[in-house]
Amino acid sequence: MRLPINTMLTLAWRNLWRNHRRTLIMLAAIIIGVWAMIFMTAMMRGMVDQMIKEGIQNLPGHVQIHHPEFLDDPSVVNSIDEPDEKLLEAFSNTMVRAWTSRIKVPAVVSSEYDNRGVVLIGIEPDSESRFGFSPDRISEGRYLDSGDDKGIIIGARLAQRLETRLGKRIVVMTQDPDNNIADRGFRIVGIYSATLSAQEEAFIYVAKNTLAKLLKIPGRTSEIAVMGHDYREIAPLYELINSFAGKEVQVRGWDELDSYLGTMLSVMDGFVLIWIVVIFLALSFGLVNTLVMAVFERVREIGLMLSLGMRPGTILYQILLESFLLLLIGLAAGNILAVATIKPLESGIDISGVAQGMEMMGAGSVLYPALDAGDLILANIIVVVLGLLTSLLPAWRASTYDPVEAINKT
Amino acid sequence: MNITLRLAWRNLWRHSRRTWLTVAAMVFSNILLIFLISLQFGTYGMMIDNSLRSFTGHIQIQKPGYNSDPKMRLSFDKGVEIAGKLRDQLGIDTLSTRATGFALASSEERSYGIQIIGVEAEYEPRVSTLPGLISEGRFLSGENPEEIVIGKVLARNLKVKVGDELTLLGSGRDGGFAAGVVNIVGVFDSGSVDLDRSVAQVPLDYFQDVFSMDHQVNSIVVSVSELSETEQWKDKLQSFVTSNMPDSDLLVLDWNQLQPGLKQAIQSDVSSAIFMYAVLIVLVAFSVLNTQLMSVLERTREFGTVMALGFRPGRLGLLVLLETVLMAGLGLIIGVACGSLLVSYVAEVGFSYPGMAEMAARFHLEERIYPSVSFLSMLTGPVVIFIGCLLAAIYPALRLRLLQPVEAMRAV
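Protein chains in written order, with my numbering: chain R, 1 to 410; chain D, 411 to 822.
Treat the hints with care, as some may be off.
Derived pair list, reagent style DSS-like, types lysine-lysine, alpha-carbon separation capped at 30 angstroms [to be verified]:
hint, chain 1, residue 1, chain 2, residue 2
1, D, Lys-473, D, Lys-673
2, D, Lys-646, D, Lys-495
3, R, Lys-53, R, Lys-104
4, D, Lys-646, D, Lys-481
5, D, Lys-569, R, Lys-247
6, D, Lys-481, D, Lys-495
7, D, Lys-571, R, Lys-104
8, D, Lys-644, D, Lys-488
9, R, Lys-213, R, Lys-104
10, D, Lys-473, R, Lys-168
11, D, Lys-571, R, Lys-216
12, D, Lys-673, D, Lys-646
13, R, Lys-53, D, Lys-673
14, D, Lys-481, R, Lys-104
15, R, Lys-216, R, Lys-168
16, R, Lys-150, R, Lys-168
17, R, Lys-216, D, Lys-569
18, R, Lys-213, R, Lys-247
19, R, Lys-343, R, Lys-53
20, R, Lys-213, R, Lys-150
21, D, Lys-473, D, Lys-646
22, D, Lys-481, D, Lys-562
23, R, Lys-86, R, Lys-216
24, R, Lys-104, D, Lys-562
25, R, Lys-247, R, Lys-104
26, R, Lys-104, R, Lys-86
27, R, Lys-216, R, Lys-104
28, D, Lys-495, D, Lys-473
29, D, Lys-569, R, Lys-104
30, D, Lys-569, R, Lys-213
31, R, Lys-216, R, Lys-150
32, D, Lys-481, R, Lys-168
33, D, Lys-673, D, Lys-481
Quick list of simulated restraints, FRET-style, between CB atoms [stated by the list, open to error]:
hint, chain 1, residue 1, chain 2, residue 2, range
34, R, Gly-167, D, Gly-475, 17 to 27 angstroms
35, D, Lys-569, R, Ser-139, 37 to 47 angstroms
36, D, Ser-635, R, Asp-126, 54 to 64 angstroms
37, D, Ala-589, R, Phe-91, 41 to 51 angstroms
38, D, Glu-708, R, Asp-402, 20 to 30 angstroms
39, D, Asp-604, R, Glu-256, 12 to 22 angstroms
40, D, Arg-711, R, Ser-307, 19 to 29 angstroms
What the hints contain is simulated information worked out from the structure, not anything from laboratory work. Every residue, glycine too, gets a C-beta built ideally from N, C-alpha and C.
Only chain R is shown next, with the shape it has when bound in the complex (with noise of 0.2 angstroms):
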């Protein structure tokens, strides 16, 4: 005897409800459980999310050129040339969002107060500004104008330490390529501000060509920095840019420039796995206690239906529908109330209570929870999928019942 679908989940449907404790309480522990997956998933996403966002904001750039030798010995002597034809056609490429060139070099900055060590950044302003570092960071005084604007933009953080201001002179002072100290006094024409303190205390910027000029390094650059369009994605961005520069520059993404950030991403996916599996495994117990209830209470009534004629594949695939059933409601109901919870705190949850702890993790002081659809499907998707799985030794059990014994139990 083969019973038509519909009929099947009605009999599965009202069998669920027999008990309505019993499944009430099953279906709170899937939706607890689902919300905390989920819920649970889009903070630590969150979390690494802005992590990785401002680290990357910290090299800026998806993918990197630079001398073999440059971040190992970040001096000006491991310089390289700015982009050739060949390069600008790559960086034409509709992958590429943005590109930019800048020179990196240790220096030391003095105020009539203090001095202190820092990394001295020469930038071209206009493609600088898309790669985060733009006019809306400056708190006071200006951007850079051009390529030849000779101010200087530093952090709010530094301007403290030197005790100095917008309008004073700093002296900065490096090294150029034949190791000869070059030193030059810049007007502060701009104060930055950053998420992460740090950064304010370790950048100062100023105009590429202005740097270059003083290094006696025309035509060269320490570092080309590409952006994409995901972080996520930078795979394809990094073939084609490996492809088209020269055989003397190294190419490196994201990930391998700041391995701690390109590690964070990894483990975060794995925490995320294991994060619902584990719950999963907490729900299923009680998943398949419920079933076994729900089968050893019915076993006269499974005898029967056998006795009557039903195949013992209809009784499996009827207790798995039940059990399917319960499932989808605890998902549909947790992916709801994870989602009703989510999307209330998108716009950022202060937690400047830990912000120096926050800060030494390299996340900023509000945490914006990432809801990603990944995530949501993955749990969904391993949610049913275990789920079922975990029912099938009760509904196997139910399946092979002996009709005449089955029938004479009490």
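With chain R held as given, fit chain D onto it using these hints.
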């Protein structure tokens, strides 16, 4: 054996599969909680200890304002003498003085701006692990003034090795020009790129000489043997400062004030961990609630009968709670047994996951973490689960009070 207890025990095994499934849920969560909590305790201990011992120390004595804005001129006089008195009077020898400045260090080929720290060669190894991490050469001897030890990355960037000379250029405490030539006697490899790139140590008296500090120092660094003793030593140092130097404005700061990020990083980690644990515990509690509610409902007739025979509802409620205690106790014992086996094993071999090395470098951890094995880390999780299960059984137990014997006996 008490009759209620015996009843409860037998009732448990009427549905052995259901009981085992519920117990299994508890055991699973117990093992997970024990493992994660001991791992956390282990990590935090290591994180705090390693980062404090590497350089900062547990307590520092400084001028007000120096901590948030370390300027050379926020210094105090006779630091070495004060440190000597502290050693004599408080009987603590893990304490050393430092002065910190900034200079441009130049080798023949390269120049980098670095932090120069003047240290007492004799005492520095007692408060910091850096002197012990010398990979080439040796630490400052304390005999020759013109010596310097630098980090490995800095040595590479400056293209220098032990025996080479470095020129230091900076400004002194009085704002004047400070310059000196020093010999590199050692290179340390701390594993932290930041330290290895930006820090160098010279003898304190040489530092005071070059940077026109007279006998001024910037901080007295104290390291204690156990993290938990920090508070006690801080009080002792504080009362020493107030009684011996009543007119000085010196501050005694503990590690949490020196590195607030450390505790906060731990706090944020703890709060997300607590959320995860709470979810696990709630899920287990639901499992217990379901089981106990089922076992109460299916026994309605039986309960009706025993109530008709004079069993009080209160005693029946007690019976159900006792069943839960037995079940949860079973979960607790098996869980703790398996959990402690697992943790003791991992505590032997260490634990690592892909990506651990990168995280480790950032938080001063080692590449394998070792869970901390203690009563607290073993029992916190299981005990909370135990209590959660008992709470879950209250509703089924209370439902019994609504039972009317006659109706109950007729229930299907």
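So, going through the hints one by one against the coordinates:
Distance check on the hinted pair: Lys-473 of chain D and Lys-673 of chain D sit about 23 angstroms apart at the alpha-carbon level, within 30 angstroms; holds. Proximity of Lys-646 of chain D to Lys-495 of chain D is assessed by CA-CA distance (about 13 angstroms); at most 30 angstroms being required, the pair is judged to hold. For the suggested pair Lys-53 of chain R and Lys-104 of chain R, the alpha carbons sit about 21 angstroms apart, so the restraint of at most 30 angstroms is met. About 27 angstroms separates the Cα atoms of Lys-646 of chain D and Lys-481 of chain D, which keeps this hinted pair within 30 angstroms; it holds.
Among the hinted pairs, Lys-569 of chain D with Lys-247 of chain R is consistent with the structure: their alpha-carbon atoms are about 25 angstroms apart, no more than 30 angstroms. A hinted pair counts as satisfied when its Cα atoms are at most 30 angstroms apart, and Lys-481 of chain D with Lys-495 of chain D qualifies at roughly 26 angstroms. A distance of roughly 25 angstroms separates the Cα atoms of Lys-571 of chain D and Lys-104 of chain R; the hinted pair therefore holds under the 30 angstroms criterion. For the given pair, Lys-644 of chain D sits about 20 angstroms from Lys-488 of chain D by alpha-carbon distance, which is consistent with the 30 angstroms threshold.
This hinted pair checks out: Lys-213 of chain R and Lys-104 of chain R have alpha carbons roughly 14 angstroms apart, not beyond 30 angstroms. A C-alpha spacing of about 28 angstroms is found between Lys-473 of chain D and Lys-168 of chain R, which places the hinted pair at or below 30 angstroms, so the restraint holds. Our distance criterion of 30 angstroms between C-alpha atoms is met by Lys-571 of chain D and Lys-216 of chain R, whose separation comes to about 29 angstroms. In summary, the hint linking Lys-673 of chain D to Lys-646 of chain D is supported, as the alpha carbons are separated by about 23 angstroms, within the 30 angstroms threshold.
Using a Cα cut-off of 30 angstroms, the hinted pair Lys-53 of chain R and Lys-673 of chain D holds, with the two alpha carbons roughly 24 angstroms apart. This hinted pair checks out: Lys-481 of chain D and Lys-104 of chain R have alpha carbons roughly 27 angstroms apart, not beyond 30 angstroms. Using a Cα cut-off of 30 angstroms, the hinted pair Lys-216 of chain R and Lys-168 of chain R holds, with the two alpha carbons roughly 25 angstroms apart. For a cut-off of 30 angstroms, the pair hint linking Lys-150 of chain R to Lys-168 of chain R stands: about 13 angstroms separates their Cα positions.
With a CA separation close to 22 angstroms, the supplied pair Lys-216 of chain R and Lys-569 of chain D stays within the 30 angstroms bound. Between Lys-213 of chain R and Lys-247 of chain R, the direct Cα distance comes to roughly 27 angstroms. Compliance with the 30 angstroms bound is thereby established for this hinted pair. Distance hint between Lys-343 of chain R and Lys-53 of chain R is fulfilled; the C-alpha atoms sit about 21 angstroms from each other, no more than 30 angstroms. A distance of roughly 11 angstroms separates the Cα atoms of Lys-213 of chain R and Lys-150 of chain R; the hinted pair therefore holds under the 30 angstroms criterion.
About 18 angstroms separates the Cα atoms of Lys-473 of chain D and Lys-646 of chain D, which keeps this hinted pair within 30 angstroms; it holds. In summary, the hint linking Lys-481 of chain D to Lys-562 of chain D is supported, as the alpha carbons are separated by about 26 angstroms, within the 30 angstroms threshold. The hinted pair formed by Lys-86 of chain R and Lys-216 of chain R meets the criterion: a straight-line CA distance of about 25 angstroms does not exceed 30 angstroms. With a CA separation close to 22 angstroms, the supplied pair Lys-104 of chain R and Lys-562 of chain D stays within the 30 angstroms bound.
As the CA atoms of Lys-247 of chain R and Lys-104 of chain R are separated by approximately 21 angstroms, the hinted pair is consistent with the 30 angstroms bound. For the hint linking Lys-104 of chain R to Lys-86 of chain R, the alpha-carbon distance of about 23 angstroms falls within 30 angstroms, and the restraint holds. For the given pair, Lys-216 of chain R sits about 14 angstroms from Lys-104 of chain R by alpha-carbon distance, which is consistent with the 30 angstroms threshold. Taking the CA atoms of Lys-495 of chain D and Lys-473 of chain D, the gap is near 18 angstroms; set against the 30 angstroms cutoff, the hint holds.
Restraint check: the Cα-Cα separation between Lys-569 of chain D and Lys-104 of chain R comes to about 19 angstroms, which is no more than 30 angstroms; the hinted pair holds. Between the alpha carbons of Lys-569 of chain D and Lys-213 of chain R the distance comes to roughly 26 angstroms, so the proposed pair stays at or under 30 angstroms and holds. Proposed proximity of Lys-216 of chain R and Lys-150 of chain R is supported: the alpha carbons are some 16 angstroms apart, at most 30 angstroms. With a C-alpha separation of about 20 angstroms, the suggested pair Lys-481 of chain D and Lys-168 of chain R falls inside the 30 angstroms cut-off, and the hint holds.
Taking the CA atoms of Lys-673 of chain D and Lys-481 of chain D, the gap is near 25 angstroms; set against the 30 angstroms cutoff, the hint holds. Checking the proposed 17 to 27 angstroms range against Gly-167 of chain R and Gly-475 of chain D shows it holds: the Cβ atoms sit about 25 angstroms from each other. Lys-569 of chain D and Ser-139 of chain R have their C-beta atoms about 39 angstroms apart, which keeps the hinted 37 to 47 angstroms range intact. Remark: the range hint 54 to 64 angstroms for Ser-635 of chain D to Asp-126 of chain R is upheld by a beta-carbon distance near 58 angstroms.
A C-beta distance of roughly 46 angstroms is found between Ala-589 of chain D and Phe-91 of chain R, which places it inside the suggested range of 41 to 51 angstroms. Taking the beta carbon of each, Glu-708 of chain D and Asp-402 of chain R are about 23 angstroms apart, inside 20 to 30 angstroms as hinted. Distance hint check: the CB atoms of Asp-604 of chain D and Glu-256 of chain R are about 19 angstroms apart, consistent with the given range 12 to 22 angstroms. A hinted range of 19 to 29 angstroms for the beta carbons of Arg-711 of chain D and Ser-307 of chain R is consistent with their spacing of about 27 angstroms.
Violated hints: none; the structure is consistent with every hint.
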